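Participant: The residues making up each chain are set out below.
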Amino acid sequence: MKEAQGHNKNKKFGMVIDLDKCTGCGACMVACMAENNVPFREDESDKQLGTAWMRVYKMTNGKPFPETEVCYIPRPCMHCEGHGGHSPCVSVCPATATDYDNHTGIVSQIYTRCFGCRYCMAACPYHARVFNWWDPVWPADMEKMLNPDVSVRMRGVVEKCSFCYHRYQRAMEKAYYEERQEIEEDEYQTSCTQACPAGAIAFGDLNNPDHAVHQLVKPDNRHGGRPKNPHAFRLLERLGTNPKVYYLSSREWVIRAGDNYVKNEKTGAGGH
Amino acid sequence: MKIDRRSFLALAVGGAAGTALTPLPWKLTDDSSIWSQNWPWTPVPEKGENSYAFTSCTLCPGGCGLMVRMVGERAVKIEGLEGHPVNDGGVCVLGLSGLQLLYGSTRVKTPLKRVGKRGQGHWKKISWEAALAEVAEKLGQLRDDNQSHTVACITGSKHGTIPALFKRFMTVYGSPNVMTTPSVGDTLEMALQVMHGVEAQAGYDVENADYILSFGSGLIEGWGAPVRMFRANSAWRENGTKVVQVEPRLSNTAAKSDQWIPINPGTEAALAMGIAHVMMKESLVNNDFVESYTEGYTGWKKMVLDEYAPEKVASITGIDKMVIVKVAREFAGAGKPLALCGRGNGETPGSLAEAMAVHTVNALVGNINQEGGVVAVPIPEYAAWPETGLDNTAQIGMAKDRVDGAGSDAFPLAASLLNRFAAGAMSAKDYPVNALLVSGTNPVYSTPGANDFKKAVEKIPFVVSFSSYMDETAMQADLILPNHVYLERYEDIPVMAGLQKPMVELTQPVVFPMHDTKNAGDAIIELSNAMGGSIGDAFPWESYEACLEETLGDKWDVLSEDGLWEDEAFQPAGWGEAFATASGKFEFMNPDMDLMPSYVPLNLEGNASTFPLLLMPFDSMRLASGFISDPPFVIKAVEDTILKGKDACVEVNPATAKSLGLADGKPATLSTPKGEARVRIYHYHGIMPGVVAIPRGLGHSADDKYMAGKGVNFNELIGPVEDRASGLDMAWGVRAKLAKA
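If you read the protein sequences in the order shown, they are chains A and B.
According to the numbering used here, the first sequence is numbered sequentially starting from 1.
According to the numbering used here, the second sequence is numbered sequentially starting from 1001.
Please note that the accuracy of each hint is not assured.
What follows is a list of derived Cβ distance ranges for each label pair [claimed, not checked]:
#: 1; chain 1: A; residue 1: Asp259; chain 2: B; residue 2: Thr1641; range: 50 to 56 Å
#: 2; chain 1: A; residue 1: Glu182; chain 2: B; residue 2: Asp1210; range: 38 to 44 Å
#: 3; chain 1: A; residue 1: Ala123; chain 2: B; residue 2: Asp1030; range: 21 to 27 Å
#: 4; chain 1: A; residue 1: Arg222; chain 2: B; residue 2: Thr1029; range: 33 to 39 Å
#: 5; chain 1: A; residue 1: Ala140; chain 2: B; residue 2: Ser1127; range: 19 to 25 Å
These are calculated hints, taken from the structure and not from any lab test.
A quick note: this is a predicted structure, and the numbers were derived from the prediction, not measured.
We put the beta carbon where it would ideally sit given N, CA and C, even for glycine.
Take these sequences, add in the hints, and give me the full structure.
Facilitator: The following block contains the structure:
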């Protein structure tokens, strides 16, 4: 983290979700399921048992009618960097089934290494990880729509959002084939970003000042990537997980809902 | 060898140490975990060449451009087409899950003939020849008996070649009874017919408006072309366009708006009239438009000034008088204000007087056919073929009155009144309905008063469904002639979802048909040929594709190349030329038809003492409520505050719930004059006290296990309420009662 900004060859892929634009339509969730071969069961109404990598939560400001306000908040894996790649989940995995990639900032999940102890699920403060309690079943001809770039998971392993890492691999392969060292911003976008009909999700390299994500949040890498934009915030900022998913909101109650503030405490940089 | 304590211990310790040092147990654990994780029933997706196929979505009227990722012959993912004028790369939950409709378990795979009782789901596979021969024979028999007019046909869309082919078939066969699936588009079309004197669709230039006043429209909940509206909503956030949402419930649209104005359910028209009152009283109207291009203004103005003073409107709507005045001033003061109507996703037509009231609010500020305003968009009329002769039977049949009363003296404006079909068919006042053809719609599920509709269909001796899926209507059929799914077929889609320009898109096959299905267009052409005579003569095309190519003419090349034809040169008519009414001007009222923009209260069924609550439906992007029902991915994405287990959740204000003793999350019985259902209570502060709401799109009895048997179908709890002006269904809700289960 001592390398000066701009001279850092390592990428730090991250996401910025504009909650003012997010309509809660759920396209990100389904785009993720379709891209990543996420299975489904007959009853998916018990959300704790379901396997969703991206989940959209509904929050309200808790005030009675007609002062009520609602905000939706999509939650992928935060791809926490912690301090020097010590993500909460990576630190506890006894099987080295999940790892922090310093070149991309992506937290991986290797299903064939995972033996299902679920320590990582306990360690993750964002409930971003899910466990496969059942083997996946694709009825009728639905196996035909499985994406060959993403392995199908089996019963007994943990899975989570990969920032569509296979799309990064595909983009890099294409770049190498065309004898380029680098990929453009639009060559690697996650499935949810691509699908979002509201254009509420931005994705890119937080280390690259030309990328939309950098410009939107202005991450302060000297202070664990804390956003300099006062409307930007991260979930449970003060836990020190250093997540790479940022949110934008113009509403104070939404920003407050992103962390545990005491009653009169200010949000943002002032509340640190 | 003697085993003493010493050697025993040595063996035990040595064995333990040895076990710990040897890699064998670790290797075995590792191997067994790898083995168990590679069980053969965990599929390994086949690899293949990567490519993209392009088409258009047909799952709602929005017409998004799609690119389908192909791996070999397999379609693996649907993505939005970048640069497309409707969706520009975005795509909704339903559009994303289209492959689950293609590859899913709800498909009808071959023509089926019913063998058990209606609705039992016992079928026999038959060949296409046998199926078409049977339809031809049954319909031929009715025609021979001079009963051709007793055959009815219901199609999904009104426009495009498939509905036109069905209509042509019915005409030469000799029945006037062709109905289409209603929506608010029908009501708006009528409003334009009355006030502009033109046949056109209402288009809205939402991208260029700078003040949006929505009378309950679910702008980001499926209204119009949904993805286009999402994009517009984001643009409004960026450019500071103010959005005001008038609605009894904090919907997603209300939650995203700049100002939410809760209103007593069903009184939106009164608010529109109140706003008109303020604008006229304070001279905030566009004088140029009102004075030079309108007719009947003075009389209407007097009526509005007399009847809709803010105090009175406040007492009807429950909105503070000052709020009404402020909104009227803001609206009139904005550069390009735009008022929108059509509740929720617009699948219910609503009252004509209300649509006219909202349209008048637009007219008063002169935003008719202007940038950022309402545009009368002509309907592309290419699906019109030369008339062929009707034989005697057909002429007699076509001269009969329609079973739904559309176009009669009572309802001269209506072309189709599906809401009146069930009552007409049940009473058989003039004649019974002896056969029914259904294509591209699921009216047994989606028509308000669904139980009555089902009973009417049960009474019809011969029902033919052209559905690709085993839906509720197909379950009631005697024969199913399954259509290809949209990803397997050609079809033109004139996009009518409130766009500012005429647009036609082409759905193109991205995969070969999976099953023994047939394009409904081909089925109807072959059926006509099987019937022969003047019917066969009206269908000279070799196949549907040939018909489509010939019909689209020079549009075909553009469409087959780009998938999209847009009338780019289209400019809305100027005020001088826009109106084709008797006066040649915009008409505020039509005294001949006794029509004017006004507030017509709905006569709710049931009495207030038995049913003290008002029940209204709400729409969610995650619940498809029309012809298509949720595929597994989409139902998985539904919130647990909408569906929990097998129960739909009913939104109740905590204050109301407390007075009724209903705890959060507990089961309850929801009853209306039409029926009752088990629901679960969901305490929601965002709903007006005394009003309760349930989602539309649940409660399917057909489809597969992922969808069927979950929640309640709102259409079974409500009946249609006829708008005397239009004949369309104007119901927005129904009286209800909630009790502990």
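Participant: Now tell me, hint by hint, if it's right for this structure.
Facilitator: Here is what the structure says about each hint:
{"no.": "1", "hint": "A:Asp259 - B:Thr1641: 50 to 56 Å", "in the structure": "24 Å, violated"}
{"no.": "2", "hint": "A:Glu182 - B:Asp1210: 38 to 44 Å", "in the structure": "41 Å, holds"}
{"no.": "3", "hint": "A:Ala123 - B:Asp1030: 21 to 27 Å", "in the structure": "23 Å, holds"}
{"no.": "4", "hint": "A:Arg222 - B:Thr1029: 33 to 39 Å", "in the structure": "45 Å, violated"}
{"no.": "5", "hint": "A:Ala140 - B:Ser1127: 19 to 25 Å", "in the structure": "23 Å, holds"}
Taken one by one, the earlier hints fail for this structure at numbers 1 and 4, listed in ascending order.
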